Amino acid sequence: MNAATKQDFGAFLAYIDSYSLSAVGHDPAKVAHVRLAHAQFLALLTIAAELLSDSGSVRDEFESSYGEAGKRYFGEVVSDCSEFVMCMLQGLCRSAGGTLRSGIESYLKAFSAVEKPSILQRTSVPDVFNDAAGTFFFSTVVGKKVLGDLKTVYGELNYYVHTVSPAQMFGALAVGSFPRWSDKNERLIDLFVRTVRLFLYGVIGARRDVFDQFDHRNKVIVNRSMTRQQRRSAMGVDD
Numbered sequence: 000m001n002a003a004t005k006q007d008f009g010a011f012l013a014y015i016d017s018y019s020l021s022a023v024g025h026d027p028a029k030v031a032h033v034r035l036a037h038a039q040f041l042a043l044l045t046i047a048a049e050l051l052s053d054s055g056s057v058r059d060e061f062e063s064s065y066g067e068a069g070k071r072y073f074g075e076v077v078s079d080c081s082e083f084v085m086c087m088l089q090g091l092c093r094s095a096g097g098t099l100r101s102g103i104e105s106y107l108k109a110f111s112a113v114e115k116p117s118i119l120q121r122t123s124v125p126d127v128f129n130d131a132a133g134t135f136f137f138s139t140v141v142g143k144k145v146l147g148d149l150k151t152v153y154g155e156l157n158y159y160v161h162t163v164s165p166a167q168m169f170g171a172l173a174v175g176s177f178p179r180w181s182d183k184n185e186r187l188i189d190l191f192v193r194t195v196r197l198f199l200y201g202v203i204g205a206r207r208d209v210f211d212q213f214d215h216r217n218k219v220i221v222n223r224s225m226t227r228q229q230r231r232s233a234m235g236v237d238d
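Per numbering that gives the first Met the number 0, the sequence shown starts with residue 0, numbered consecutively.
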């Protein structure tokens, strides 16, 4: 190892030793954005607990309706969203955008695979959306709205993955300059909040019979995480 390499590696180790997320956790402005992401993620976890856990009130009904694939892919939605949160905290914006895209695909498959098994073999995202459009879940009034809005969000996330403009570039030139918080984190959090609200809205609106069986405390958590318009629509208030 020559002197220059040794010196740079020492700087890299020093960066690792000093790495901390305190710059995010101690900044009120950043904490406000993180709080939005946390509220949505908690609501998603709450729904997952009802649908997937051994103590979930509708676990058997969910499995009966959507099968093993439904359980597996809805669990992957939670996994993708948890990974998004960690990437976002660390400023890994491109990774966060790609992970959220994966979460959308998993959501579509979770509620479509029983009726459209071919969706699990699709390698084209438009084909995934087309398959989902032909299922009961995404054919309801709410389901159609959710599908259309998820397609819009997915399209915007493509910009982060494919770097089609300077607005989605994150340049880093030295150890310690990345990861870092930027305005792109805030935009991605906005997209995350919008996406998870659509996840919640879809479950409640398309399967209100299932949501009605949730523990009342869990209903409160989920309801508060949607917009007022989504709550009214999902509960049929405006029908």
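Source of the hints: derived by calculation from the structure; they are not laboratory data.
From a predicted model like this one, the values you see are computed outputs, not experimental measurements.
Glycine included, C-beta positions come from ideal geometry on N, C-alpha and C.
There could be a bad hint or two in this list.
Stated by the list, open to error - Derived DSSO-like pairs: lysine-lysine, alpha-carbon spacing no greater than 30 Å straight-line:
| # | residue 1 | residue 2 |
| --- | --- | --- |
| 1 | Lys5 | Lys29 |
| 2 | Lys70 | Lys5 |
| 3 | Lys29 | Lys143 |
| 4 | Lys143 | Lys5 |
| 5 | Lys115 | Lys29 |
| 6 | Lys143 | Lys115 |
| 7 | Lys150 | Lys70 |
| 8 | Lys144 | Lys115 |
| 9 | Lys183 | Lys150 |
| 10 | Lys29 | Lys150 |
| 11 | Lys115 | Lys5 |
| 12 | Lys143 | Lys70 |
| 13 | Lys150 | Lys115 |
| 14 | Lys5 | Lys218 |
| 15 | Lys70 | Lys29 |
| 16 | Lys144 | Lys70 |
Said to hold, decoys possible - Pairwise CB distance ranges (calculated):
| # | residue 1 | residue 2 | range |
| --- | --- | --- | --- |
| 17 | Gly24 | Arg207 | 35 to 43 Å |
| 18 | Arg58 | Pro116 | 31 to 39 Å |
| 19 | Ala28 | Ser78 | 26 to 34 Å |
| 20 | Gln228 | Glu114 | 22 to 30 Å |
| 21 | Tyr18 | Ser63 | 18 to 26 Å |
| 22 | Met234 | Ala13 | 22 to 30 Å |
| 23 | Glu185 | Val160 | 46 to 54 Å |
| 24 | His215 | Asp126 | 36 to 44 Å |
| 25 | Arg231 | Pro27 | 31 to 39 Å |
| 26 | Gln212 | Thr139 | 16 to 24 Å |
| 27 | Arg58 | Gln6 | 55 to 63 Å |
Hints and how they fare:
1. Lys5 with Lys29: violated (36 Å)
2. Lys70 with Lys5: Violated: Lys70 and Lys5 sit about 49 Å apart, past 30 Å.
3. Lys29 with Lys143: Answer violated: Lys29 to Lys143 is near 34 Å, above 30 Å.
4. Lys143 with Lys5: Violated. Lys143 to Lys5 sits at ~58 Å, over the 30 Å cutoff.
5. Lys115 with Lys29: Answer violated: Lys115 to Lys29 is near 42 Å, above 30 Å.
6. Lys143 with Lys115: holds (16 Å)
7. Lys150 with Lys70: It holds: about 22 Å lies between the C-alpha atoms, which stays within 30 Å.
8. Lys144 with Lys115: holds (20 Å)
9. Lys183 with Lys150: Within the cut-off at roughly 20 Å; holds.
10. Lys29 with Lys150: holds (28 Å)
11. Lys115 with Lys5: Not OK: Lys115 and Lys5 at ~56 Å, beyond 30 Å, violated.
12. Lys143 with Lys70: holds (22 Å)
13. Lys150 with Lys115: holds (18 Å)
14. Lys5 with Lys218: violated (57 Å)
15. Lys70 with Lys29: violated (34 Å)
16. Lys144 with Lys70: holds (23 Å)
17. Gly24 with Arg207: 35 to 43 Å: holds (38 Å)
18. Arg58 with Pro116: 31 to 39 Å: violated (22 Å)
19. Ala28 with Ser78: 26 to 34 Å: With a Cβ separation near 29 Å, Ala28 and Ser78 satisfy 26 to 34 Å, so the hint holds.
20. Gln228 with Glu114: 22 to 30 Å: Cβ of Gln228 to Cβ of Glu114: about 28 Å, so the range 22 to 30 Å holds.
21. Tyr18 with Ser63: 18 to 26 Å: At roughly 47 Å between Cβ atoms, Ser63 and Tyr18 fall outside 18 to 26 Å, so the hint is violated.
22. Met234 with Ala13: 22 to 30 Å: violated (55 Å)
23. Glu185 with Val160: 46 to 54 Å: violated (18 Å)
24. His215 with Asp126: 36 to 44 Å: holds (40 Å)
25. Arg231 with Pro27: 31 to 39 Å: holds (32 Å)
26. Gln212 with Thr139: 16 to 24 Å: holds (18 Å)
27. Arg58 with Gln6: 55 to 63 Å: holds (57 Å)
The structure is inconsistent with the numbered hints 1, 2, 3, 4, 5, 11, 14, 15, 18, 21, 22 and 23, although it conforms to all the rest.
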